[in-house]
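These protein sequence lines map, in sequence, to chains A and B.
At position 64 of the first sequence (counting the first as 1) the number is 65 in this note's numbering, and the numbers step up by one without a gap.
At position 191 of the second sequence (counting the first as 1) the number is 299 in this note's numbering, and the numbers step up by one without a gap.
Honestly, the hints are just simulated from the structure, not real lab data.
All values reported here derive from a predicted model rather than from experimental measurement.
Warning: the hint list may mix true and false statements.
What the hints assert, rightly or not - Covered stretches of chain B, going by a simulated chain A footprint (3 or more residues, C-beta under 8 Å): (1) 196 to 202; (2) 241 to 255; (3) 333 to 343; (4) 366 to 374; (5) 479 to 492.
For every residue, glycine included, the Cβ atom is placed at its ideal position computed from N, Cα and C.
Residue strings, one per chain:
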Amino acid sequence: MDAIQGKALKYGDGVNTDVIIPGKYLIYTDYKELAKHAMEGIDPNFLKKLGERKIIVAGTNFGCGSSREQAPIALKYAGVQCILADSFARIFYRNAINIGLPILECERISDNVGDGDELRIDFKGGSVEDISKRTKLKTNPVPDFLLEIMEKGLIEYMKDKRDKI
Amino acid sequence: MNIIEKIMAKASGRNDVHAGDIVEAKIDKAMMNDITAPLALEAFERMGGDEVWNKDRVIIVLDHLVPANTDQSANLHRILRTFAKKQSLKYFYDIGRGGVCHQIMMENHVKPGEMIVGADSHTCTYGAVGAFATGIGSTEIASVLLSGKLWFKVPKAVNIIVNGKLNPPVAPKDLILYTIGQFKADGATYMGINFSGEAVHNMSVDGRMTICNMVVEMGAKNGIVEPDDKTTEYLKARRLAPFEFINEDPKAEYDRVEEYDTSGLESMVAVPPSVDNVRPVSEVGNVDIDQAVIGSCTNGRLEDLRIAARILHGRKVKNNVRALAIPASQEVYVDAIGEGIIDTFVKAGVLVCNPNCGPCYGGHLGLLAAGETCISSTNRNFIGRMGSPKAMIYLASPATVAASAVTGKITDPRAFEA
Chain A
2 MDAIQGKALK YGDGVNTDVI IPGKYLIYTD YKELAKHAME GIDPNFLKKL GERKIIVAGT
62 NFGCGSSREQ APIALKYAGV QCILADSFAR IFYRNAINIG LPILECERIS DNVGDGDELR
122 IDFKGGSVED ISKRTKLKTN PVPDFLLEIM EKGLIEYMKD KRDKI
Chain B
109 MNIIEKIMAK ASGRNDVHAG DIVEAKIDKA MMNDITAPLA LEAFERMGGD EVWNKDRVII
169 VLDHLVPANT DQSANLHRIL RTFAKKQSLK YFYDIGRGGV CHQIMMENHV KPGEMIVGAD
229 SHTCTYGAVG AFATGIGSTE IASVLLSGKL WFKVPKAVNI IVNGKLNPPV APKDLILYTI
289 GQFKADGATY MGINFSGEAV HNMSVDGRMT ICNMVVEMGA KNGIVEPDDK TTEYLKARRL
349 APFEFINEDP KAEYDRVEEY DTSGLESMVA VPPSVDNVRP VSEVGNVDID QAVIGSCTNG
409 RLEDLRIAAR ILHGRKVKNN VRALAIPASQ EVYVDAIGEG IIDTFVKAGV LVCNPNCGPC
469 YGGHLGLLAA GETCISSTNR NFIGRMGSPK AMIYLASPAT VAASAVTGKI TDPRAFEA
């Protein structure tokens, strides 16, 4: 996967799965229907703001709460290209990667990046560049197999692996 | 090795594993419910899945949308019914035959030392009988349905030693709320939590389920209690024999050790909008309530209903307050009828609902309007969790919820101890 570039849309600490996709919408299996309600619990203007800003930057424990995969699905199909946070909750982290939504833990990112800043994320090299501020934060480089899952999702990854056997 | 490392070593066919190791483990049981299974089955098909790896080890429970509240819900149920039939799954818990998925797993399936995954975050409940159990997402459980295996990082473990006794009405729920208040919502992210000490050893398996259930609220991967005589008694009564204990080694290592003393512990309340915003009920202040809920995978068991009934017996739910009681399973329901608990609830003005998850996650039954306040024995008080984002949710033990239902404001259950 190549680097991702775009503007930051910022949220705080502890953004949980219930605000990302409220429980009442879990009756839907259509990804586009889920996407219509993404972040509805925390920011009714999320979809409007997402117009030009495609990278979510958040504080600690992003995605805490339920195991609902509908949470990263709603964000991905709403148009989010990548999520950067100080830290992620365990199940959300794995779910996002498994559905092919790029996600990266980056310590103190929420202190160092402003809302609307232009960012460039290099997964392989392990860095987040804030083009607006001309600063660069280091992250752990993402290993190749994980990049491959992030890019195409676990379903395609498993299929490809089976086909190769 | 500690108990988590020992279970992971066994499941991955290794003699020795330690925190940080990546292992591929054989899964003993995989559980899904009606809001996570539909996505999982879609992923299973797209992965090229034909038959599940073991039809006796895949368990599906309908509990989140029970009975179906919309035609979409009914359709999700139909998809699962069709799948269970086509795959000849041995365990499919349809409406009226089961209850809340974690309760069903603990009543009929979980054994000590097993490695279990569930597509629901509160799967960590099963540590109550000494199993390793954790919640995963739908796509990931689809890969388990295919292969019967999953990779894990062996978690760093915390040993929480709880000394002293829990003095009723202080309950296991108060202990876990206190613990989450200490750790905070991300204080145990990725870690395994081992509960030990006098208070845990004196705790029933029902109570151990409550404390293991909520470790995910501080980010943990699993919670576990070493099996003992109480575990044996529970499993035998449930006809879950034969089983084998896995216990920790004499020199088990933990990344962190915390020691608590419960002698002075009061009833605790998690104040909105987060589960880690915990204070003693005496410090919550004057809070009027509109709704009181007793139920869920956290606190909908017989022991929970019993203590609530003791407080509600011969009393009435306060005017303008609505109270719901939700037995966690059909079995709990029948036992509660046998003990006169349901009779007490109905006479007190409590609406007794069928076993389901509904109000806890805001999907179905008993939702809140903007500006309303609820006290609940459930597990999350996030903004919008039980309906309107403008409603307030306080979490507490069944005793505190019942006491509050009677007075109409958040109340220390000691007021009813006379």
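Claimed coverage, the stretch 479 to 492 of chain B by chain A - three or more beta carbons nearer than 8 Å = holds (count 4)
Verdict on chain A covering the stretch 241 to 255 of chain B, criterion of 3 CB contacts below 8 Å = holds (count 9)
key: Coverage of the stretch 366 to 374 of chain B by chain A, judged on three or more residues with CB within 8 Å   = Since three or more residues must qualify, the claim that chain A covers the stretch 366 to 374 of chain B is violated, with 0 doing so at under 8 Å.
ask   = For the stretch 196 to 202 of chain B, do at least 3 residues have a Cβ located nearer than 8 Å to some Cβ of chain A?
value = n = 0 at 8 Å, threshold three: violated.
query = For the stretch 333 to 343 of chain B, do at least 3 residues have a Cβ located nearer than 8 Å to some Cβ of chain A?
reply = violated (count 0)
The structure shown violates the earlier hints numbered 1, 3 and 4.
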